[in-house]
Each structure stands twice: as structure tokens, then as C-alpha cells.
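When we follow our numbering, the leftmost residue of the sequence shown carries the number 11, and every step to the right adds one.
Worth double-checking, as some hints may not be accurate.
Quick list of in silico lysine to any residue cross-link-like pairs, SDA-like style, CA-CA up to 25 Å [unchecked claim]:
#1 75 to 113
#2 155 to 113
#3 75 to 121
#4 157 to 106
#5 157 to 139
No lab work stands behind these hints: they were computed from the structure.
All of these numbers come straight from a predicted model, not from anything done at the bench.
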Amino acid sequence: MTVTHTTRPANANDQGLYRSNKVVRCITPRFLPMLVVALCMTAIAARPASAQVRWRTGEVRRSGKTQAEAIAALSDRSRATARHTVLQFRESLSPLDRRQLEDAGVHLGAYLGDHAYFAGVDAAVDLDGVDATTKIADVQDVRPKWKLHQTLGRGETPAWAVVPPTQVGRHDSSGG
Numbered sequence: 011m012t013v014t015h016t017t018r019p020a021n022a023n024d025q026g027l028y029r030s031n032k033v034v035r036c037i038t039p040r041f042l043p044m045l046v047v048a049l050c051m052t053a054i055a056a057r058p059a060s061a062q063v064r065w066r067t068g069e070v071r072r073s074g075k076t077q078a079e080a081i082a083a084l085s086d087r088s089r090a091t092a093r094h095t096v097l098q099f100r101e102s103l104s105p106l107d108r109r110q111l112e113d114a115g116v117h118l119g120a121y122l123g124d125h126a127y128f129a130g131v132d133a134a135v136d137l138d139g140v141d142a143t144t145k146i147a148d149v150q151d152v153r154p155k156w157k158l159h160q161t162l163g164r165g166e167t168p169a170w171a172v173v174p175p176t177q178v179g180r181h182d183s184s185g186g
């Protein structure tokens with residue numbers, strides 16, 4: 011006589027429970043790390059913009075403009091000779107948002123943190139296209155002090171940046 015051992019339930023009502031436990035046992039060890047990473051990425055991407063952008067020289071608070079005021083400020087930048095600005099968004103931009111901004115004449119540059127970017131604005135910017143993203147939280151002029159190292163911002167010159175007068179105009183043929 012042969013005895014077979016099975017872990018399957020004899021009762022048909024318990025069959026669904028057996029299947030669901032089998033799936034959970036099978037999937038959980040493999041996909042739990044991926045699930046955790048996906049949830050973390052979703053939480054990070056969905057966080058709202060901070061009220062300030064953190065620069066080396068300090069934090070700059072958002073101006074508190076409404077969407078309409080931010081769009082109007084962007085329009086002013088398009089008419090100016092220096093059309094570079096800092097744009098801060100209310101949340102992360104999707105690839106579609108980026109494409110809409112690019113098509114509208116807003117070219118995002120370096121990411122600054124807190125959903126803010128350096129941006130170039132075309133003279134013929136399509137404000138309706140920009141407004142379609144509805145994510146602009148602030149528009150500010152680029153201030154030179156934001157880009158300077160703190161030492162230079164205080165008017166100090168580091169020793170390594172000073173060329174001695176005896177070295178000015180001197181050329182080293184070895185390439186150094």
C-alpha cells in the first residue's frame with residue numbers, strides 16, 4: 011500500500027485559502043524588497059515642494075505668488091534681456107510636464123532641490139502652455155550671490171586664488 015502526502019486541503023472551501031497562501035509564500039520573498047523600494051520612491055516623488063530653496067549662501071523663501079502671479083512673472087522674464095530665472099514647482103515634474111514646458115518655451119536647466127530649477131525662457135513663451143502644467147509655485151530672478159561661494163560672497167579672496175605678481179604672464183613649457 012502506498013501513502014501519498016499532500017498539503018492540499020481536503021475541503022473544497024479551504025481550496026481558495028490554500029491558493030492565496032501559496033501565492034503569498036511564493037511572491038513575498040522575491041518581491042518584498044522591490045515593493046519597499048517602489049513605495050519609498052512613490053513617497054519621495056509625491057512630497058510637496060519646500061517653502062524655500064537651499065543655497066550654499068542660505069535659504070531663499072518662496073515669494074508666495076499664486077499660479078497666475080507666477081505666470082505673469084514668467085511673462086515678464088520673456089520680455090527681459092536676461093531671460094534666465096529660477097522656477098520652483100509645487101511637486102515633482104513628470105516627463106509629460108517637462109515636455110509641455112519645453113514645447114511652451116521654458117527650458118529647464120540644473121536641478122536645485124525642492125522641485126526648483128534654473129530655467130531659460132524664450133521670448134515667444136506660450137503662457138497658456140506653461141499654465142497647463144499648473145504646478146508652478148514660484149518664479150524668481152537669479153541672484154549672483156546664490157551662485158557664489160560664501161568666501162567670495164563676503165568679499166574675501168582665498169589664498170589659492172591669488173596669483174603672485176612674479177607668476178603673472180609666465181609660461182611653463184612643460185604644460186604645468
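Quick rundown of the hints versus the structure:
| no. | hint | verdict |
| --- | --- | --- |
| 1 | 75 to 113 | holds (24 Å) |
| 2 | 155 to 113 | violated (31 Å) |
| 3 | 75 to 121 | holds (21 Å) |
| 4 | 157 to 106 | violated (29 Å) |
| 5 | 157 to 139 | violated (30 Å) |
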